[in-house]
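Spelled out from the first residue to the last, the chains are:
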Amino acid sequence: MDAVLPPGIKREQFASLVADLQKVVGREFVFTDTQWELPAYNDAYLTTPAELHQPSAAVAPANVEELQRVLEVARHYKAPLWTTSTGKNFAYGGPAPRKAGYIVLDLKRMNRILEVNEKHGYAVVEPGVSYMDLYRHLQKIGSKLWVDCAAPGWGGVLPNMTEHGVGYTPYGDHVTMQCGMEVMLADGTLVQTGMGAMPGSQTNHLYKYGFGPSVDGLFTQSNFGVVTKVGMWLMPEPPGYRPYMITFEKESDLHAITEVLRPLKVNMLIPAVAMTVEMLWEAAVQVTRRDYYTGKGPIPDSVRKKMRSDLKIGAWNFYGALYGPPPMMDNTWEVIRDAFASIPGAKFYFDEDRAKDDVAWQYRKKLGAGIPNMTEYNVMNWIPNGAHIDFSPISPVTGVDATKQYELIRDRCNKAGFDYCGEVAVGWRDMHHIFCLTFDRNDAKEKARANKLFGDLVDAAAAAGYGEYRTHLDFMDRIAGTYNWNDSALLRMHEKVKDAVDPSGILSPGKMGIWPKSMRKGRA
Amino acid sequence: MSVTLSSRRTFLQATVRGGAALPLFTSLGMAGSALAGNVSDAENNSLCLFEADATMGADMAVGVRQLGLAYQTVTLDDASGWSAMLDTLSTAHGRALAVLGRPATVFAVRSLLERDWRVVLEARHHRQAAEQMRHEFTGLEAPMTQLSGWVDRVSDPAQYAVVLASMKSGEFTSGNERKTLDLTSPAWPGGDFVSLLAWPKGVV
Numbered sequence: 036m037d038a039v040l041p042p043g044i045k046r047e048q049f050a051s052l053v054a055d056l057q058k059v060v061g062r063e064f065v066f067t068d069t070q071w072e073l074p075a076y077n078d079a080y081l082t083t084p085a086e087l088h089q090p091s092a093a094v095a096p097a098n099v100e101e102l103q104r105v106l107e108v109a110r111h112y113k114a115p116l117w118t119t120s121t122g123k124n125f126a127y128g129g130p131a132p133r134k135a136g137y138i139v140l141d142l143k144r145m146n147r148i149l150e151v152n153e154k155h156g157y158a159v160v161e162p163g164v165s166y167m168d169l170y171r172h173l174q175k176i177g178s179k180l181w182v183d184c185a186a187p188g189w190g191g192v193l194p195n196m197t198e199h200g201v202g203y204t205p206y207g208d209h210v211t212m213q214c215g216m217e218v219m220l221a222d223g224t225l226v227q228t229g230m231g232a233m234p235g236s237q238t239n240h241l242y243k244y245g246f247g248p249s250v251d252g253l254f255t256q257s258n259f260g261v262v263t264k265v266g267m268w269l270m271p272e273p274p275g276y277r278p279y280m281i282t283f284e285k286e287s288d289l290h291a292i293t294e295v296l297r298p299l300k301v302n303m304l305i306p307a308v309a310m311t312v313e314m315l316w317e318a319a320v321q322v323t324r325r326d327y328y329t330g331k332g333p334i335p336d337s338v339r340k341k342m343r344s345d346l347k348i349g350a351w352n353f354y355g356a357l358y359g360p361p362p363m364m365d366n367t368w369e370v371i372r373d374a375f376a377s378i379p380g381a382k383f384y385f386d387e388d389r390a391k392d393d394v395a396w397q398y399r400k401k402l403g404a405g406i407p408n409m410t411e412y413n414v415m416n417w418i419p420n421g422a423h424i425d426f427s428p429i430s431p432v433t434g435v436d437a438t439k440q441y442e443l444i445r446d447r448c449n450k451a452g453f454d455y456c457g458e459v460a461v462g463w464r465d466m467h468h469i470f471c472l473t474f475d476r477n478d479a480k481e482k483a484r485a486n487k488l489f490g491d492l493v494d495a496a497a498a499a500g501y502g503e504y505r506t507h508l509d510f511m512d513r514i515a516g517t518y519n520w521n522d523s524a525l526l527r528m529h530e531k532v533k534d535a536v537d538p539s540g541i542l543s544p545g546k547m548g549i550w551p552k553s554m555r556k557g558r559a
Numbered sequence: 023m024s025v026t027l028s029s030r031r032t033f034l035q036a037t038v039r040g041g042a043a044l045p046l047f048t049s050l051g052m053a054g055s056a057l058a059g060n061v062s063d064a065e066n067n068s069l070c071l072f073e074a075d076a077t078m079g080a081d082m083a084v085g086v087r088q089l090g091l092a093y094q095t096v097t098l099d100d101a102s103g104w105s106a107m108l109d110t111l112s113t114a115h116g117r118a119l120a121v122l123g124r125p126a127t128v129f130a131v132r133s134l135l136e137r138d139w140r141v142v143l144e145a146r147h148h149r150q151a152a153e154q155m156r157h158e159f160t161g162l163e164a165p166m167t168q169l170s171g172w173v174d175r176v177s178d179p180a181q182y183a184v185v186l187a188s189m190k191s192g193e194f195t196s197g198n199e200r201k202t203l204d205l206t207s208p209a210w211p212g213g214d215f216v217s218l219l220a221w222p223k224g225v226v
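Protein chains in written order, with our numbering: chain A, 36 to 559; chain B, 23 to 226.
These are computed hints drawn from the structure, not numbers from a lab.
Keep in mind that a hint or two might mislead.
[As the list claims (entries may be wrong)] Heads up, simulated EDC-like pairs for lysine to aspartate or glutamate below, C-alpha to C-alpha not over 20 Å straight-line:
{"id": "1", "chain 1": "A", "residue 1": "531", "chain 2": "A", "residue 2": "509"}
{"id": "2", "chain 1": "B", "residue 1": "223", "chain 2": "A", "residue 2": "68"}
{"id": "3", "chain 1": "B", "residue 1": "223", "chain 2": "A", "residue 2": "512"}
{"id": "4", "chain 1": "A", "residue 1": "331", "chain 2": "B", "residue 2": "214"}
Fair warning: this is a prediction, and the values are worked out from it, not measured in the lab.
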């Protein structure tokens with residue numbers, strides 16, 4: 036792949052820019068080699084040509100002082116930076132920038148765990164700390180605090196939170212569990228949010244809101260600053276943990292499952308993010324498509340039935356867990372069991388009922404206890420050269436909406452020749468539907484079909500009133516365009532904020548559809 | 023079997039080429055004492071990261087260790103196993119890496135390597151028909167040429183892994199031009215695999 040330049044920067048200026056960055060972080064941490072270095076910043080799961088997202092360089096500061104000077108260089112040259120931390124945001128773009136020529140601002144070296152507070156139950160981490168890193172550290176120091184991790188567990192604690200990621204324990208809503216943030220603005224100013232704004236504050240990571248407007252949310256899924264540190268509340272190890280699984284026989288059971296689930300969630304009898312997983316997701320973490328079917332197009336029902344039988348899974352598979360003292364868990368279980376038992380064919384399982392080599396059960400069991408693992412990555416073994424982009428709309432927790440959304444996706448997916456592979460995650464009052472659109476990354480035609488399908492899904496979901504909570508680089512503008520109430524008032528407000536806090540437009544231009552003035556086209 | 027042990031690599035390649043020592047590890051066990059002299063040399067050069075997968079041969083770890091090559095199991099499923107791999111990688115600077123496993127696993131490992139290693143060769147091994155395995159190589163010509171001579175004789179992932187691990191970085195003078203090469207062999211047991219050969223930054 037040929038080298039590219041940042042937008043608006045000439046070759047000689049670029050050489051000078053790179054030299055200036057090298058003065059800040061050292062030659063070792065400025066990457067420009069298109070054969071050996073920059074491919075690490077590609078998105079292997081693109082459905083569009085790689086050239087559209089090829090960076091011109093990458094720079095990796097080690098600390099806030101270096102970061103401050105990197106931003107100074109970027110402002111001087113008006114060079115766009117694209118912030119990435121652990122760089123594992125696969126399905127949503129990985130470490131790749133929104134547009135070709137951007138310089139990737141790689142924060143992996145800022146990977147210190149600054150504090151673990153056992154008494155108050157929190158940790159303070161820099162952007163490069165992965166769930167695995169934090170888990171290892173807690174193990175090492177003998178902490179009784181749990182991590183709430185994404186699946187797979189190599190993702191970053193801070194960046195997953197800023198991307199609105201969720202986990203699988205009662206602390207699974209990561210934005211809710213964030214408390215205290217340090218942000219560097221584009222002009223190099225370092226800001227502590229909330230209680231951290233007061234020198235000597237003892238409650239920086241204990242009380243979220245501080246005094247005056249709470250701004251932490253402005254720095255999630257945004258390009259208004261570079262988040263350099265966050266506090267995350269960690270769950271104390273409970274006196275008991277009892278994960279369970281409930282299988283359901285029929286595809287049409289999704290309606291009833293959702294209706295039963297809603298009051299259990301709202302009343303907090305199911306404290307963790309509640310996962311209802313479709314059978315192909317369960318299968319894909321442990322077998323390959325070819326093990327069961329070598330034909331083209333979606334897997335026929337007869338084959339799906341055999342898979343369910345072989346793997347001892349249902350058409351839908353509900354995962355939850357009980358936490359607390361055993362008598363409390365016993366009582367809660369009675370309510371949950373009785374509620375789901377109203378669905379004909381429901382089968383109930385605890386750990387002792389599932390096989391030791393049941394891959395799907397074992398990794399879900401670990402996730403519910405905050406033990407990071409990478410098992411879910413096996414979904415990429417489902418088809419040869421497996422890759423995926425995730426379509427993730429939000430809906431109310433009702434049977435009607437769950438079914439409507441499922442059918443909306445499944446029908447279009449099957450028509451386009453893909454298997455439906457998905458799960459629904461119920462949080463406090465909402466339902467995230469995660470459709471893992473899996474395709475062969477070496478097959479150009481299949482990639483084009485996947486790209487078209489994804490666009491169709493965005494439009495169809497928006498027409499039905501469903502918006503996505505997160506998306507791939509290639510669809511950020513399109514989805515931002517669906518949040519267009521009152522002549523896109525929210526987006527226009529975002530743009531005003533962008534222009535105010537980053538007038539040079541150097542920070543992640545185009546992130547979530549928010550462009551700086553200099554790169555904004557067609558908008559007043 | 024007549025083998026000139028001029029280097030571990032030639033020994034291995036001769037062993038596989040000759041097809042006289044199958045199952046391979048039994049043969050390597052017999053040759054253990056002859057290999058001992060080269061152990062430290064090999065440990066300085068190669069680290070094997072192989073996925074623990076029953077289809078890859080239960081004796082693979084034993085066989086690789088008999089060769090004197092450092093071995094680390096790779097797993098996606100277990101935090102302690104993943105941690106052990108991270109620890110091993112953090113102390114493996116300067117060594118060549120041979121990685122073999124299922125596609126998703128190798129993809130995951132690859133994304134951890136970029137800072138200290140260069141992936142000079144990647145191969146996708148997949149069953150093309152009931153009796154045939156297809157091997158699609160992408161990478162530098164020198165290691166590819168070395169591998170091409172014997173791939174058709176390898177009968178399972180474990181054998182392939184051992185020879186891949188013997189491809190020491192210092193033995194090649196390489197240009198940087200990337201090539202592709204497709205080869206076939208008798209079908210291996212198990213599913214699809216991906217392999218990587220990575221050399222320390224600075225070698226290429």
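Quick rundown of the hints versus the structure:
no.	hint	result
1	A/531 with A/509	violated (23 Å)
2	B/223 with A/68	holds (12 Å)
3	B/223 with A/512	violated (38 Å)
4	A/331 with B/214	holds (19 Å)
The earlier numbered hints that this structure contradicts are 1 and 3.
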